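The whole structure should be built from the sequences, with the hints applied where relevant.
258 is the number of the first residue of the sequence shown in this note's numbering; add one for each residue after it.
Keep in mind that a hint or two might mislead.
Subject to a maximum C-alpha distance of 30 angstroms in a straight line, what follows is the list of computed DSSO-like cross-link-like pairs (lysine-lysine) [to be verified]:
1. 520 x 442
2. 410 x 520
3. 383 x 307
4. 496 x 485
5. 423 x 444
6. 473 x 354
7. 561 x 520
8. 356 x 473
9. 410 x 354
10. 356 x 410
11. 383 x 499
12. 477 x 496
13. 492 x 356
14. 499 x 473
15. 329 x 356
16. 485 x 410
17. 520 x 361
18. 423 x 361
19. 410 x 383
20. 383 x 439
21. 520 x 473
22. 361 x 485
23. 473 x 496
24. 520 x 439
25. 383 x 329
26. 361 x 439
27. 444 x 492
28. 410 x 423
29. 485 x 354
30. 561 x 383
31. 477 x 423
Here are the computed distance ranges between Cβ atoms for each label pair [claimed, not checked]:
32. 439 x 538: 42 to 50 angstroms
33. 383 x 279: 55 to 63 angstroms
34. 311 x 542: 32 to 40 angstroms
35. 383 x 492: 33 to 41 angstroms
36. 363 x 331: 47 to 55 angstroms
37. 332 x 461: 49 to 57 angstroms
38. 332 x 523: 25 to 33 angstroms
39. 500 x 261: 50 to 58 angstroms
40. 357 x 332: 42 to 50 angstroms
Derived by calculation from the structure, the hints in this document are not laboratory data. These figures come from a predicted structure and were not determined experimentally. We treat Cβ as the ideally placed atom computed from N, Cα and C, and that holds for glycine.
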Amino acid sequence: MLDGLYFEYPSAALVILSFILCTIICKIKLPSIYFSNVAQFMKVSTGSSKLLLFLKWLSITMLILALMSPVKDEPYELEPKKGYEIALILDASESMKAKGFDEKNRDLTRFDVVKEIVSNFILSRKNDNMGIVVFGAYSFIASPLTYDTNILKGVVSNLYIGMAGKFTALFESLAQGVNLLKTSKSKTKIAILLTDGYNTPDSEFPFDAAIDFANKHGVKVYPIGIGKSDEYNQKMLEKIAKQTGGVSFGASNADELSAVYSKINQLEKSEIDNETFSFLRYYYIFPLLISFFSLILYMFFRNKRGYN
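Written out as structure tokens, the structure is:
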């Protein structure tokens with residue numbers, strides 16, 4: 258606690274000289290003109306104990322320390338209240354069960370790898386307001402927009418394959434992501450759309466409607482296709498990116514997917530950095546309290562021993 262502590266008025270230490278001088282040369286009657294009891298306080302009789310002497314000077318010293326105003330600069334960070342609005346749109350269809358996507362652990366499914374990488378991405382965007390959309394045969398909002406990274410990580414960890422059905426309602430999921438962001442007042446709204454398949458042929462939500470909806474609400478889409486280039490509709494994802502002002506990516510393995518999220522993190526740096534401030538924390542109350550109680554004890558023992 259004492260690290261970085263300093264005195265705001267160090268010159269106040271010179272006050273102790275006046276106490277020392279008064280002890281040596283001042284007459285008792287001089288202060289008693291103003292305070293009738295000061296004569297008793299300043300008087301040092303031959304019978305006064307070392308305890309009384311210690312308490313008297315402890316009280317004086319602590320009072321002077323309080324006058325010197327011990328203080329410490331304590332920095333703190335202003336929690337971000339604004340930032341980018343990001344919708345993480347995740348494919349949880351049956352095709353995400355495919356294994357071998359991570360060469361370091363080929364027993365992991367694509368969805369296992371996606372969950373880990375998305376969690377790391379969430380931690381890297383502490384200034385941003387993020388929500389999660391999950392899709393398969395249909396789409397739903399798994400988490401509304403929040404700054405709380407712990408909540409988002411908890412939601413991601415509980416996602417599982419097939420929770421939204423077997424198929425891939427790609428355009429509906431995009432519209433759901435825009436729906437998540439549409440009420441936001443942020444100047445920058447981003448949807449990161451991750452999929453490993455093609456849009457379900459009998460999907461009732463048309464492509465043009467999804468694009469118009471995104472442009473109407475100013476949502477920039479970053480589509481990510483995972484797997485081999487023939488396993489997802491690469492041309493469609495490029496078209497989504499182009500018409501919404503985003504960039505399309507592909508990732509054939511876990512390392513490439515991680516690099517894609519890192520790239521997006523660089524392309525869309527958070528608008529608002531945490532602002533660091535400092536405030537002065539004053540500690541004069543502690544020596545002042547010591548001085549007060551020392552004076553009380555001094556008077557108590559002096560009166561108890563019957564000094565005049």
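Quick rundown of the hints versus the structure:
1. 520 x 442: holds (25 angstroms)
2. 410 x 520: holds (21 angstroms)
3. 383 x 307: Violated. Residue 383 to residue 307 sits at ~60 angstroms, over the 30 angstroms cutoff.
4. 496 x 485: holds (18 angstroms)
5. 423 x 444: At roughly 35 angstroms apart (the allowed maximum being 30 angstroms), residue 444 and residue 423 break the hint.
6. 473 x 354: violated (35 angstroms)
7. 561 x 520: violated (79 angstroms)
8. 356 x 473: violated (38 angstroms)
9. 410 x 354: Answer holds: residue 410 to residue 354 is near 21 angstroms, not above 30 angstroms.
10. 356 x 410: holds (23 angstroms)
11. 383 x 499: Holds. Residue 383 to residue 499 sits at ~28 angstroms (cutoff 30 angstroms).
12. 477 x 496: holds (12 angstroms)
13. 492 x 356: holds (24 angstroms)
14. 499 x 473: holds (15 angstroms)
15. 329 x 356: violated (56 angstroms)
16. 485 x 410: Holds, at roughly 28 angstroms.
17. 520 x 361: holds (22 angstroms)
18. 423 x 361: The hint holds at about 27 angstroms.
19. 410 x 383: Holds, because 12 angstroms separates the two Cα atoms, which is no more than 30 angstroms.
20. 383 x 439: Given pair residue 383, residue 439 holds - Cα atoms ~21 angstroms apart, limit 30 angstroms.
21. 520 x 473: holds (26 angstroms)
22. 361 x 485: Holds, at about 18 angstroms.
23. 473 x 496: Holds, at about 17 angstroms.
24. 520 x 439: holds (25 angstroms)
25. 383 x 329: Holds, because 29 angstroms separates the two Cα atoms, which is no more than 30 angstroms.
26. 361 x 439: violated (39 angstroms)
27. 444 x 492: holds (28 angstroms)
28. 410 x 423: Measuring from Cα to Cα gives roughly 24 angstroms; hence the hint holds.
29. 485 x 354: holds (15 angstroms)
30. 561 x 383: The given pair, whose Cα atoms are some 64 angstroms apart, is violated under the 30 angstroms limit.
31. 477 x 423: Between residue 477 and residue 423 the Cα gap is close to 27 angstroms, so the pair holds against 30 angstroms.
32. 439 x 538: 42 to 50 angstroms: holds (44 angstroms)
33. 383 x 279: 55 to 63 angstroms: holds (59 angstroms)
34. 311 x 542: 32 to 40 angstroms: Since the Cβ atoms of residue 311 and residue 542 sit about 22 angstroms apart, the hinted range of 32 to 40 angstroms is violated.
35. 383 x 492: 33 to 41 angstroms: Taking Cβ atoms as reference, residue 383 and residue 492 lie about 35 angstroms apart, which means the hint holds.
36. 363 x 331: 47 to 55 angstroms: Check passed, 50 angstroms falls within 47 to 55 angstroms.
37. 332 x 461: 49 to 57 angstroms: holds (55 angstroms)
38. 332 x 523: 25 to 33 angstroms: Holds, at about 28 angstroms.
39. 500 x 261: 50 to 58 angstroms: holds (55 angstroms)
40. 357 x 332: 42 to 50 angstroms: holds (48 angstroms)
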